[in-house]
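Sequence lines, in order, name chains A and B.
Per the numbering used here, the first sequence starts with residue 1, numbered consecutively.
Per the numbering used here, the second sequence starts with residue 1001, numbered consecutively.
In short, the hints are calculated from the structure, not lab data.
Mixed in with the good hints, there may be bad ones.
Stated by the list, open to error - Below are the DMTMM-like pairs computed for lysine to aspartate or glutamate, each with C-alpha atoms no more than 25 angstroms apart in a straight line:
#1 84/A to 1248/B
#2 37/A to 1228/B
#3 99/A to 1149/B
#4 34/A to 1162/B
#5 1156/B to 83/A
#6 52/A to 1329/B
Stated by the list, open to error - A few chain B positions that, by computed beta-carbon distances, are all more than 12 angstroms from chain A:
#7 1008
#8 1028
#9 1166
#10 1204
#11 1327
Ideal Cβ positions, reconstructed from N, Cα and C, are used throughout, including at glycine.
Chain residues, written in single-letter form:
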Amino acid sequence: MYDGAKIIPGLIIFVVLATFAIWYGAGDVKQVPKPEKPVGYTNCVKPTQEMKESHMTLLNQWRDEVIREGKREQVEAGGKMYEKSLQNGCMHCHTSKEKFCDVCHSYASVRPYCWDCHMSAKKIKGLEEAI
Amino acid sequence: MKVLYPFIAVLALVAVALVGSQISGLQYLLGIALPYLAFAIFLGGFVYRVLQWAKTPVPFRIPTTCGQGKSLSWIKRDPLDCPNNKLEVAGRMFLEIFLFRSLFRNTKAEIGEGPQLSYGSSKYLWLFGILFHYSFLVIILRHLRLFTEPIPLFVKVIEFGDGILQLGAPTIYQTDLVLLGAVAFLLGRRLIMPQLRYISLPADYFPLLLIFAIAVSGILMRWVFRVDIIAVKQLTDGIASFSPVLPDGIGAMFFVHVVLVCTLLIYFPFSKLMHMGGVFLSPTRNMSNNSRAVRHINPWNDPNIKPHSYADYEDEFREFMVEAGLPVDKELPPAEKKEE
Chain A
1 MYDGAKIIPG
11 LIIFVVLATF
21 AIWYGAGDVK
31 QVPKPEKPVG
41 YTNCVKPTQE
51 MKESHMTLLN
61 QWRDEVIREG
71 KREQVEAGGK
81 MYEKSLQNGC
91 MHCHTSKEKF
101 CDVCHSYASV
111 RPYCWDCHMS
121 AKKIKGLEEA
131 I
Chain B
1001 MKVLYPFIAV
1011 LALVAVALVG
1021 SQISGLQYLL
1031 GIALPYLAFA
1041 IFLGGFVYRV
1051 LQWAKTPVPF
1061 RIPTTCGQGK
1071 SLSWIKRDPL
1081 DCPNNKLEVA
1091 GRMFLEIFLF
1101 RSLFRNTKAE
1111 IGEGPQLSYG
1121 SSKYLWLFGI
1131 LFHYSFLVII
1141 LRHLRLFTEP
1151 IPLFVKVIEF
1161 GDGILQLGAP
1171 TIYQTDLVLL
1181 GAVAFLLGRR
1191 LIMPQLRYIS
1201 LPADYFPLLL
1211 IFAIAVSGIL
1221 MRWVFRVDII
1231 AVKQLTDGIA
1241 SFSPVLPDGI
1251 GAMFFVHVVL
1261 VCTLLIYFPF
1271 SKLMHMGGVF
1281 LSPTRNMSNN
1291 SRAVRHINPW
1301 NDPNIKPHSY
1311 ADYEDEFREF
1321 MVEAGLPVDK
1331 ELPPAEKKEE
């Protein structure tokens, strides 16, 4: 008794599952996200490479500093001072959440829950108009 | 000693990756060539091993019974522990593969006052084993976000569930912590318990240390030595779609992680890790225990070899047996005895 009739199909299923990443979405055009650069500014609050790697760590640090320690002092970028804030800092320069943050995040499959409470510039504008 | 060499091997791999990540020629080798090679060896080796097993004949029913088999109608039977048909075998295999039922039966023996030997249930191995395997599965599935574009829905669902604690940024994944804890337990168990240390070999320590190092490098890459995930996905997705590119600015930690993972893939088909495929082929689990009800005839019996019962055998060799002083069912005829 060799049971080939069961083992071979099992093996085929394994190979199909193991190569999922290869055949799923094969042939689709791969697009690398191009976040919109802010106009009128040249520098971010930290060197660009550092921002690409760990902007979320910085945001977390800002959040702790502002809310837990009350350190609201401003941060410097390109010789000017900006608020240490998600909505009024980052979004002051990176005005569009959709064309900046979301472009990368959907590619990397992260959905920061920050926007449950914080508002993007567009929403704030809409709110101001409503008032 | 038996843990020392695997430990040195893992450290050496980390060192190689750290050096390689600094040299751009080697970055191609470690980041692109090695993953292709490793995956090919993993897949090819896995299939080869299973086909090798499939070629091994299993002539007899050798299931282990852990409960009452099918008997008279009024005797309560245990269909999962002594399966009698394919459906019950499927149930037993399901519990084995998805819930590690054999490990759940793990016991520990203790010598108490008296001296008295007592057996108690010991569920820790099962608990940490199952935590380990399921965390590992979730982590592997989560990694699909780096290899697929668009990302399938189930990956997003798993990511959401795994990050449900919403602690910190980047969010903490429960499975990362559970995996580390469980591997630490499985390793500590072999190092601390004397009986287990005695039977543990380098081949037991190496995969545990390797998986521990993989988890640590991944966690470091996420929280301490961060890398540019967008660049990483360009590389990984490029590999999966056979159009690899090597964007610059990927941190060294990524290469450490990749080299360790590739080592695991290459090592896999040659090691005890093949139990991933082997569990499906365990003859003591996947056969129905019905040899009382069904006569199983070995399919490759030579039809020229006729059955030879013990009575026939004794008839043939009775003289020699008596001579050698062996007990026989039927004595030699008395007439012959007298002649002697």
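**Report entry** Hinted pair residue 34/A and residue 1162/B, Cα distance within 25 angstroms
**Finding:** Violated. Residue 34/A to residue 1162/B sits at ~28 angstroms, over the 25 angstroms cutoff.
Report task. Confirm or reject the statement that residue 1204/B sits farther than 12 angstroms, beta carbon to beta carbon, from all of chain A. Result -> Answer for residue 1204/B: holds, closest chain A Cβ roughly 25 angstroms.
Report task. Take a quick look at whether residue 84/A and residue 1248/B sit within 25 angstroms of each other, Cα to Cα. Result -> violated (30 angstroms)
Report task. Please confirm whether residue 1166/B is truly not at the interface, meaning its C-beta sits more than 12 angstroms away from all C-beta atoms of chain A. Result -> violated (6 angstroms)
Query raised in the report: When you check the alpha-carbon spacing of residue 52/A and residue 1329/B, does it fall within 25 angstroms?
Result: Given pair residue 52/A, residue 1329/B is violated - Cα atoms ~89 angstroms apart, limit 25 angstroms.
**Report entry** Interface-negative label, residue 1327/B against chain A, beta-carbon threshold 12 angstroms
**Finding:** holds (37 angstroms)
Report task. Would you mind confirming whether the straight-line C-alpha gap from residue 99/A to residue 1149/B stays at or under 25 angstroms? Result -> holds (19 angstroms)
Requested in this report: Please settle this one: residue 1008/B was flagged as non-interface, so is its CB more than 12 angstroms from every CB on chain A?
Outcome: holds (31 angstroms)
Query raised in the report: Are the Cα positions of residue 1156/B and residue 83/A separated by 25 angstroms at most?
Result: Violated: residue 1156/B and residue 83/A sit about 33 angstroms apart, past 25 angstroms.
Query raised in the report: Does the claim that residue 1028/B lies outside the interface with chain A hold up, using a Cβ gap greater than 12 angstroms?
Result: holds (19 angstroms)
Report task. Quickly compare the C-alpha distance for residue 37/A and residue 1228/B to 25 angstroms and report which way the hint goes. Result -> holds (17 angstroms)
In summary, the numbered hints that this structure violates are 1, 4, 5, 6 and 9.
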